[in-house]
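Peer 1: Assemble chain B onto chain A, guided by the hints.
Sequences listed follow chains A and B, in order. With this note's numbering, the residue at position 185 of the first sequence is 185, and numbering never jumps. With this note's numbering, the residue at position 24 of the second sequence is 24, and numbering never jumps.
These are calculated hints, taken from the structure and not from any lab test. Positions of the beta carbon are idealized from the N, C-alpha and C atoms, including for glycine. One or more of the hints may lead you astray.
[Claimed, not checked] Among chain B residues calculated to face chain A with C-beta under 8 Å, some are: (1) R17; (2) A181; (3) L331.
[To be verified] Per label pair, the in silico range of CB-to-CB distance: (4) A32(B) <-> L264(A): 46 to 52 Å; (5) S144(A) <-> T3(B): 30 to 36 Å; (6) D245(A) <-> I312(B): 56 to 62 Å.
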Amino acid sequence: MTVLHTGKLESHLRARRDAGRKLLVPYITGGYLGWTDAVRAAAANGADAIEIGIPFSDPVMDGPMIQLASEQALERGATPLSILQELRNIDIDIPLAVMCYYNTVHSAGNERFSHSLAEAGVCAAIVPDLPLEEATDWCVAADSAGIETVMLAAPTAPEERLPRILQRCNGFVYAVGLLGVTGERDELASTATKLAARLKALTDVPVLIGVGVSNAQQAVEASTVADGVVMGASVMRRLIEHDADAVGEYVGEVRKALDDSVGLK
Amino acid sequence: MLTTPGADGRFGEFGGRFVPETLVPACQELEAAFHDAWNDTVFRTELNDLLRDYAGRPSILTECHNLGRKLGIRLILKREDLNHTGSHKINSVLGQALLAKRMGKKRIVAETGAGQHGVASATAAALLGLGCKVYMGEVDVERQALNVFRMRLLGAEVVPAKSGSRTLKDAVNEAMRDWVATVEHTYYAIGSVMGPHPYPFMVRQFQSVIGTEARAQCRELLGTDPDFVTACVGGGSNAIGIFSGFVDTHARLIGVEPAGGAAVGRGVPGVVHGMRSYLMQDEYGQVQEAQSISAGLDYPGVGPEHSYLASIGRAEYPSVTDAEVIEGFQLLAKTEGIIPALECAHVVAWIAREAPNMQGKTVLMNLSGRGDKDVAQMMDILG
Chain A
1 MTVLHTGKLE SHLRARRDAG RKLLVPYITG GYLGWTDAVR AAAANGADAI EIGIPFSDPV
61 MDGPMIQLAS EQALERGATP LSILQELRNI DIDIPLAVMC YYNTVHSAGN ERFSHSLAEA
121 GVCAAIVPDL PLEEATDWCV AADSAGIETV MLAAPTAPEE RLPRILQRCN GFVYAVGLLG
181 VTGERDELAS TATKLAARLK ALTDVPVLIG VGVSNAQQAV EASTVADGVV MGASVMRRLI
241 EHDADAVGEY VGEVRKALDD SVGLK
Chain B
1 MLTTPGADGR FGEFGGRFVP ETLVPACQEL EAAFHDAWND TVFRTELNDL LRDYAGRPSI
61 LTECHNLGRK LGIRLILKRE DLNHTGSHKI NSVLGQALLA KRMGKKRIVA ETGAGQHGVA
121 SATAAALLGL GCKVYMGEVD VERQALNVFR MRLLGAEVVP AKSGSRTLKD AVNEAMRDWV
181 ATVEHTYYAI GSVMGPHPYP FMVRQFQSVI GTEARAQCRE LLGTDPDFVT ACVGGGSNAI
241 GIFSGFVDTH ARLIGVEPAG GAAVGRGVPG VVHGMRSYLM QDEYGQVQEA QSISAGLDYP
301 GVGPEHSYLA SIGRAEYPSV TDAEVIEGFQ LLAKTEGIIP ALECAHVVAW IAREAPNMQG
361 KTVLMNLSGR GDKDVAQMMD ILG
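This is chain A alone, in the form it adopts within the complex:
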């Protein structure tokens, strides 16, 4: 069995979790108007890491909010290169992961893309349409470039599948909270904590619930079982409807709720 190298993202998240903190990873679409300010605002207001979306023309895992953000970012001329270039100069002290669809990687080539991430100071990649069976070539390239590969686990996974996913996963495990695409929901789906509990029983890698975690209260609810949350649509709505300051304020609000829930000050 391959033992995966524990990279910077995973070490950082483990250390914070082991100190009793619940983890908060906001998602921000790269290239959207004001996105770098939003990244800095999120970092300044208590994010533990940030997921940067590289916009793609056909984002099948994303609901209307992130579709809109992606479309507008592309209209503004955002490219993987321009986004990574801006990340080099972003100067924040928490780890960054990118979320990109596989054609973005495929088009550049696995090795070239993973190196360009490393050169931009990105720690990890989340590729939502690259399931375990298709991930081998990417993982070889990513491992060799020192990029951690965050794997997704879904509520539909049969029991025997989860250990195989976990074996290939580093950074954190992205537990898909519900059956569906990204977007805000009125309530946290019951699938979210069920899946997180299954994963927690199998691994020591941080387990974060993403997709459908829509506000501070849901983040707290998810984190009663999981190590933390990824929040996308609710963050991007604040950037789309308001500005980077609203993102910072929101991240601060969720941070406080998570800290209060575990008695941290």
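Peer 2: Relative to the frame of chain A, chain B by itself:
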């Protein structure tokens, strides 16, 4: 015989299963269920009975004496336009809807371009008592209003896809998003030989009835195989269906693409909609929007087996322009009294253009759909 993909779902270096993790177990379940059904004589008998008694198979061959004489070739049509619902799509949808029922699914979702697959899906769902939701690009909803009405008449819900280019590509995105959310009780009936494994393989198997029939019919009519086997290619299901009967003959296999959606002709390998295949994309891998007069071919990708057949040189993928298609549409109508679907008019256009290089040869064309749905659009164009 065409190849059977292995567990990795590959045709050479094309195909695969690039889907969100949520859908992987569903694709695996489908792969097993299809394998089981395809090898079950009860299922095959039930399907063959429906194809015969409901869809009207076998479809006939029609020799085009007038147009053939005019062009200096022997031109034979495989009349998939005469199937119930007016295209070859019914072949695959009856199979998939039976499979959906066998798997205990209550509802099917489908994407559609021109509306032919949507109509076939709505039809099969009505017949077999399944719920049906069809995603269709907003642009196509407008230019194929007749088919939208047909689908609604058949009891299906038609949802306009409003993102991106608002055509077939975006209808596929919306159908996949629906399926991600409803996978436990919903079957996704993909309309072409595209998508994640096992769809390209499964849909081909369902469409291979075209090639199997055509080969035997050609032997009877011609005493031999045709020199050319031709079909239009968007995703490529009617083409792979007819190619499947002739891949081991001397026939040249020609898949005609629209100039504005020439995935094989102008694309490079990429990954979208669950598969690795030729794809029209920019230097950063953003999928480009196709531009075709024909909603059914308005797609920037192509089924992975076509990419494979192109890569090994077994099939060729020339393209024709919209202007040539408009001529081809009228040519078949005026010389043979057959109004082809705009998709098939691409093939007529290619045959008319290349006839000087095919003098005395026998050309089999898959007339995969009838043109009634396109008449309103052509009225606008021709004035």
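Peer 1: Take the hints in turn and mark each one as holding or not.
Peer 2: Hint check:
1. R17: Hint holds; R17(B) Cβ to chain A Cβ min 6 Å, cut 8 Å.
2. A181: holds, 4 Å
3. L331: violated, 36 Å
4. A32(B) <-> L264(A): 46 to 52 Å: holds, 48 Å
5. S144(A) <-> T3(B): 30 to 36 Å: holds, 33 Å
6. D245(A) <-> I312(B): 56 to 62 Å: holds, 57 Å
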